Amino acid sequence: MADSIVIKTEGLVKEFGDGVRAVDGVSFEIERGEIVGYLGPNGAGKTTTIKILTNLIKPTSGRALINGFDVNRHPKDALKDVGSLIGVPGVYSYLTPAEFLNYFGRVYRMPKEKIDQRIEEVLKMVDLLKWKDSKIGTFSTGMERRLAIARSIFHDPSILILDEPVLGLDPEGIKEIRELIKSFQKEDVTVFLSSHLLDEVSRVCDSVIFLYGGKVIERDSVKKIDEILKQYRLIDVELLNSINEHDLNKLKDMEVIDQVQKLGENRLRLTKTDGDPVSTAEILREVVENGFKVVSYSPERSNLEDFYVSLMKEKEGSR
Amino acid sequence: MRCKYYFVVLIVVGMMMLSSTLLCSFQAEPSKMIEQDVPDEEVIDVGISNLTFSKEKPREGENVTIFVTVMNNESMDLGELTFIDKVNITLMHFEDFLFAWENITVGANSSKTFEFTWQATSGMHSFTAVMFFEIQLLNMSLPWSSRSAILEVDPEPIGNLYFPVAMLLVVFGIVGAAILAPAFFERIPYLQQKRR
Amino acid sequence: MKSIRDDIAEDLYNTWLTISFELKNHFRRKRVIISFSLAVILPLIFYVVPKIWAEFPDSADEFASLSLSFVNLLIIIAGSLFAGDVISGEFEEKTGLLLFPTPQRHMTIFIGKYIGALIPTMMVVSIYYLTTSVEVIGIYGTGALNHNMAKSFLVALVYTTSAVSVVFFFSSLLQRKITSMLLGFFSLMMILPVISNVLQFIVEVEPWYIVTYSAGLITDVFAVTMTIGGGPGGQFLLFTPDFHLGLVVMVVYTLVFLFLGILISIKRRMR
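Residue numbers (my numbering), protein chains in the order written: chain V, 1 to 319; chain P, 1 to 196; chain S, 1 to 271.
The hints are simulated quantities; they were obtained by calculation from the structure and are not laboratory data.
Predicted, not measured: the structure shown is a model, and the values here were computed from it.
A virtual CB, placed ideally from N, CA and C, is assigned to each residue, including glycine.
One should not assume that every hint holds.
Straight-line distance between alpha carbons at most 25 Å, and here's what the computed DSS-like set of lysine-lysine pairs gives [stated by the list, open to error]: (1) V/K58 x S/K30; (2) V/K112 x S/K267; (3) S/K267 x V/K80; (4) S/K267 x V/K135.
To be clear about the criterion: a stretch of chain S counts as covered by chain V if any three or more of its residues have a C-beta under 8 Å from a C-beta of chain V, and this derived list gives those stretches [stated by the list, open to error]: (5) 10 to 18; (6) 134 to 148; (7) 158 to 168; (8) 209 to 218.
Interface residues of chain S toward chain V, partial, derived using beta-carbon atoms under 8 Å [stated by the list, open to error]: (9) I52; (10) F56; (11) F100.
I would like the entire structure built from these sequences, with the hints used as guidance.
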């Protein structure tokens, strides 16, 4: 393994008791200092991969290496420089944040002075310093989440493995975490970030690995993905009347629309793939002219990840 | 919240068991020697007045002396009497058997104590001394006289200090070895190859 | 690869870290107050009740045997409280998601957790014996305290290791901590004793392989004939556990249930 590669998986397979393959031959490499997003819909195998990478579960076959050490065979060597945050972990409610972090500092063999110094630093970073000696049991969910994040960066790891790090955070918290992850880029920290939010990943990552059905289906740089996405216009439309088969066919026949998807009784999603912003206005005009009574019309970007995954699925199907 | 219910249930169950045991145990007063008087339909004032033991609560294997006192408050000498002990070995089944017997004579207006030696076995034992006359006294009806007492014998102390210490060392030794074992197993080439 | 010496030293230190972390967690919770209070109150009842309403037994051994007949219950209560959620709690509350992805062997974490539950349970047992010993000295004088008490204490400690192991096993097997605590408690308090009694009194076979039967040694070592339970002659026992065999059974339970629990935990982890 080249020195620059810090995370590597080789044909990872994880089969659960019911015969379901959560991860099916996943292989990828991540270089030092890279911030890589691991994207896929729920159930794609993101968390399973992350759990294998952090020694929470063993793979059925294949192996996961961190800094050249097999995580499942040599967890002490592989994980000593790794900070991780997986899902929404619980925190020990009977302890104080200082005691909680102190324990993990000792697990990572940090000197006492360093532990004391880092407790102040990271608690300040996640805005929990004034609750340093309060019982964690009295914390809100958001505070617990911030403490878990503080724990993952407490020992100054050079590799961070984060699974849905903004889950359960308020918008301000999400922004703070985003800034924090971006700041790691300057510090040469490698970040492996799993998320089902494409938007989230595109804001902080250098490149993205797409996972679908337990398989890696694509790996692109965020720049390239952005270019692809720019081509897509998704428009959610709500009509006054319910939509029948005839209406759908009428919409599909319109030249300005590439795809029509019925979302509900009177809700539609229209897709245009020419990348031209003018077409959004054109579509609205055509729809109205064809006698549809539009209640709301909203060009969306928030659901792009669903759309992207569906494209990837098509791509996989064509292989 | 459910934990709190759990604690309450635990404490209530525990207290109930504790109180019932306390009541049973202290009511029973296990250490007391129980004497049972068998009322004599005395026609003449002759009979067993006392049945006692040299130790109130002997240990298994100890020699216990059983004292039986016979009194004769009549003005005539009693000729030969026969004395029988009955011993209960099993608490549940009360299997009586003849323990010892002796022919005795007791003078007028006097009492006499007879001693029997018994090697104690563990458990509860019921001793009954029965006195009956072999001689025939003219025109007089002579009932049997008997007296019973229960003796509790503690079993011999069991075990020693070394074995439980050894067992604790075994537990902690094996648990300690389990902590160290992975470091060794990881270095066994055969196992390394097998895992690859 | 680091030297085996460093590797072992690391594992020992990690185990120690887990033990101290577990102890810190336990000592912050109400369960410590509950079990430690019971360890003082239960033997005190055996002192106060006869002092006010009855008489003390004739010998110190009888008193100790009577008082310590409840240490068994306390071991089960304390063991269930301290070991009942050590593993299931990590899964149910998802604290394991922070604990397990650390540079430690999971074996050291689980063994540390077992010892971390064993220590407070043994402390509870020690307090019970200490209180009983003080009472014995108060009632019968210092000379009354004999080696039977020490023997009983050691047997109780061995039984503690097995009771904690059984509860630890359920904790690793079950998802919810309340279920594992209750199942651990009832298996030692009811299920195993019922099986033992059925074997003794109905099948009339000595249940030497049942650990709760062996636990009778805790008071049997005083060799006092108790008349608890009534009935003709007062005693129902058909069998009494053999001292050596009983202790071996306890150790076997300790090791089998501990390592089964560890194996299940390692296999299960954070699935």
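For S/K267 and V/K80, compute the direct alpha-carbon distance and say whether it is at most 25 Å. Distance of about 22 Å is within 25 Å: holds.
Verdict on chain V covering the region 158 to 168 of chain S, criterion of 3 CB contacts below 8 Å: With 0 residues in contact (Cβ-Cβ under 8 Å with chain V), the coverage given for the region 158 to 168 of chain S is violated.
Given the hint that S/K267 pairs with V/K135, does the C-alpha gap stay at or below 25 Å? At roughly 32 Å apart (the allowed maximum being 25 Å), V/K135 and S/K267 break the hint.
For the pair we were handed, V/K58 and S/K30, check the Cα-Cα distance against 25 Å. violated, 37 Å
Given the hinted pair V/K112 and S/K267, is their Cα-Cα distance within 25 Å? violated, 34 Å
Next item in the hint list is S/F100. Is there a CB on chain V closer than 8 Å to its CB? holds, 5 Å
Evaluation of the interface hint that places S/F56 against chain V, nearest CB under 8 Å: This hint is violated: S/F56 lies away from chain V, its Cβ roughly 42 Å from the closest one there, beyond 8 Å.
Quick check: the region 10 to 18 of chain S, covered by chain V? Criterion 3+ residues, Cβ under 8 Å. holds (count 3)
In terms of beta carbon proximity below 8 Å, does the region 209 to 218 of chain S have 3 or more residues touching chain V? violated (count 0)
Closer than 8 Å Cβ to Cβ for three or more residues is the test here. Does the region 134 to 148 of chain S pass it with chain V? violated (count 0)
For the hint on S/I52, does the least C-beta distance to chain V fall short of 8 Å? violated, 39 Å
Hint compliance for this structure: hints 1, 2, 4, 6, 7, 8, 9, 10 are not met, and every other hint is.
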